[in-house]
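A.B. asks: Sequence:
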Amino acid sequence: MQSLIKKLPGFIVSLVIAIGSYYIAQLWLPMLGGATIALFVGIILGNTWLKQPGLAAGTKFSEKRLLEYSVMLLGATITFQSIQKIGWQGVVLTVLQMSLTIGFAIWLGRRLRFSEGTYLLMAGGNAVCGSSAIGAIAPVIDADNEDTGIAITMVNLMGTILMLALPVLGTLLWGHDNLARGILIGGTVQSVGQVVASATMINQGTVVTATLFKILRIICLVFVVTGFGYLHQKKQSQATDTKLSQQLLAKKSSLVPWYVLGFLIFCVINSLHLFPGQFGTICHFLSTWCEMTALAAIGLRLNLKTLFNQGKQLLFYAGGLVVFQVAAAILLITILF
-7 MQSLIKKLPG
3 FIVSLVIAIG
13 SYYIAQLWLP
23 MLGGATIALF
33 VGIILGNTWL
43 KQPGLAAGTK
53 FSEKRLLEYS
63 VMLLGATITF
73 QSIQKIGWQG
83 VVLTVLQMSL
93 TIGFAIWLGR
103 RLRFSEGTYL
113 LMAGGNAVCG
123 SSAIGAIAPV
133 IDADNEDTGI
143 AITMVNLMGT
153 ILMLALPVLG
163 TLLWGHDNLA
173 RGILIGGTVQ
183 SVGQVVASAT
193 MINQGTVVTA
203 TLFKILRIIC
213 LVFVVTGFGY
223 LHQKKQSQAT
233 DTKLSQQLLA
243 KKSSLVPWYV
253 LGFLIFCVIN
263 SLHLFPGQFG
273 TICHFLSTWC
283 EMTALAAIGL
293 RLNLKTLFNQ
303 GKQLLFYAGG
313 LVVFQVAAAI
323 LLITILF
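Quick note: the sequence shown uses our numbering, first residue -7, plus one each step.
There's no promise every hint is true.
Stated by the list, open to error - Here are the simulated EDC-like cross-link-like pairs (lysine to aspartate or glutamate), alpha carbons at most 16 Å apart as the crow flies:
(1) -1 / 138
(2) 56 / 108
(3) -1 / 136
(4) 226 / 138
(5) 52 / 169
(6) 227 / 138
(7) 52 / 108
(8) 297 / 134
(9) 56 / 136
(10) 52 / 134
What the hints assert, rightly or not - Ranges between beta-carbon positions, derived for each pair:
(11) 300 / 45: 19 to 25 Å
(12) 102 / 15: 40 to 46 Å
(13) 260 / 4: 34 to 40 Å
(14) 95 / 41: 30 to 36 Å
(15) 329 / 301: 38 to 44 Å
(16) -2 / 305: 43 to 49 Å
(17) 200 / 95: 28 to 34 Å
(18) 326 / 215: 22 to 28 Å
(19) 267 / 23: 26 to 32 Å
(20) 273 / 95: 35 to 41 Å
(21) 8 / 301: 39 to 45 Å
(22) 91 / -5: 38 to 44 Å
(23) 167 / 200: 17 to 23 Å
Read the hints as simulated data drawn from the structure, not as lab findings. We treat Cβ as the ideally placed atom computed from N, Cα and C, and that holds for glycine.
Using the sequences and the accompanying hints, generate a full structural model.
C.D. replies: Below is the structure:
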């Protein structure tokens, strides 16, 4: 009970910021979306008026648990049937695009001497589905709050830039080709909301294509989380060869966290059409609010001094990554479509 009381202030503040951000998005900034606004409002308030130790327990709970719940609930909103609609070229393009993005993010992150937590979270956030992917990956690689907050901030910032830029770039490259423009947006833009908002700037046909490609990236979340967890544990274990097998065995069960298993189970059940009619809609609603509240909490916990200390290098890393991501997508679309 005492633990619950300690968490309430931070949780309530995070929720209030999420609610306010939702209405700001609805009334004035629909293209940005409530989640992105909640993150940036949280950063501003957390580094000024709401820099209070009494909020720490609640914001920590909101940051960690609510993102996990959001990931799990996301599974009830997608189906494996989406893969059939994309076709083999779409599957090949998505797998290659994600693999290239992850590989480049890790390579560049190491070259720039970022921590393992930062470059793996940046890799997953850009390749898969933004904040949700970062929230899913962070626990399995033992990422600290700083790495998580920085990665989410940069991925959301770059996602907002891509959201606005890609409709223009896609039209310049392919004219009125809805398929190519939809693949470009759905295959590169980070969060689901940003994908839909970006594609909406073109037309409804582009929204359908972009959403299908985004769904396929989300389905791949399970493999990315498991792979990153294994890589991290292997790296940690290599410190002493004698303990390698013991450490891997001890941590084997954590390679696939409960919320990723929940995501997969929900996705399978939804693909078999076993959920009641409105269940997916309810899960989408809850997942969205969990994500917005979690991002508000992450913003409240993020220390701007840490972000500014890495300023130019971090912007170069994030910018270089999205430029590579878009260039790779354009090349793959040209070859496969």
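A.B. asks: Each hint needs a verdict: does it hold in this structure or not?
C.D. replies: Each hint tested on the structure:
1. A distance of roughly 20 Å separates the Cα atoms of residue -1 and residue 138; the hinted pair therefore is violated under the 16 Å criterion.
2. Between residue 56 and residue 108, the direct Cα distance comes to roughly 19 Å. Violation of the 16 Å bound is thereby established for this hinted pair.
3. Annotation: proposed proximity of residue -1 to residue 136 is violated, straight-line Cα distance about 19 Å (limit 16 Å).
4. Under the criterion of a C-alpha separation no larger than 16 Å, the hint pairing residue 226 with residue 138 is inconsistent with the structure, at around 23 Å.
5. Between residue 52 and residue 169 the CA atoms are separated by roughly 45 Å; this puts the pair beyond 16 Å, and the hint is violated.
6. Taken as a hint, the residue 227 and residue 138 pair is broken in the structure, with Cα atoms around 21 Å apart against an allowance of 16 Å.
7. Between residue 52 and residue 108 the alpha-carbon distance is near 21 Å, which puts this suggested pair outside the 16 Å criterion.
8. Between residue 297 and residue 134, the direct Cα distance comes to roughly 22 Å. Violation of the 16 Å bound is thereby established for this hinted pair.
9. Among the hinted pairs, residue 56 with residue 136 is consistent with the structure: their alpha-carbon atoms are about 11 Å apart, no more than 16 Å.
10. This hinted pair checks out: residue 52 and residue 134 have alpha carbons roughly 15 Å apart, not beyond 16 Å.
11. Range check, residue 300 to residue 45: Cβ separation about 22 Å, and the 19 to 25 Å hint holds.
12. A hinted range of 40 to 46 Å holds for the C-beta pair residue 102 and residue 15, which are about 42 Å apart.
13. Here the CB-CB span from residue 260 to residue 4 is close to 35 Å, well matched to the stated 34 to 40 Å.
14. Take residue 95 and residue 41: their Cβ atoms lie about 42 Å apart, and the range 30 to 36 Å is violated.
15. Restraint check, residue 329 to residue 301: a C-beta distance of roughly 43 Å satisfies the suggested window 38 to 44 Å.
16. Taking the beta carbon of each, residue -2 and residue 305 are about 37 Å apart, not inside 43 to 49 Å as hinted.
17. For the hinted restraint 28 to 34 Å between residue 200 and residue 95, the CB-CB distance of approximately 30 Å keeps it satisfied.
18. About 26 Å separates the C-beta atoms of residue 326 and residue 215, a value consistent with the hinted range of 22 to 28 Å.
19. Between residue 267 and residue 23, the C-beta spacing of about 31 Å keeps the proposed range 26 to 32 Å intact.
20. The supplied range of 35 to 41 Å is met by residue 273 and residue 95, whose beta-carbon atoms lie about 37 Å from each other.
21. Between residue 8 and residue 301 the beta carbon distance is about 30 Å. The supplied range of 39 to 45 Å is therefore violated.
22. Checked against the hint of 38 to 44 Å, the pair residue 91 and residue -5 passes, with Cβ atoms roughly 42 Å apart.
23. Taking 17 to 23 Å as the suggested C-beta distance range, the pair residue 167 and residue 200 conforms, at roughly 18 Å.
In the structure shown, a violation is registered for the earlier hints numbered 1, 2, 3, 4, 5, 6, 7, 8, 14, 16, 21, in ascending order.
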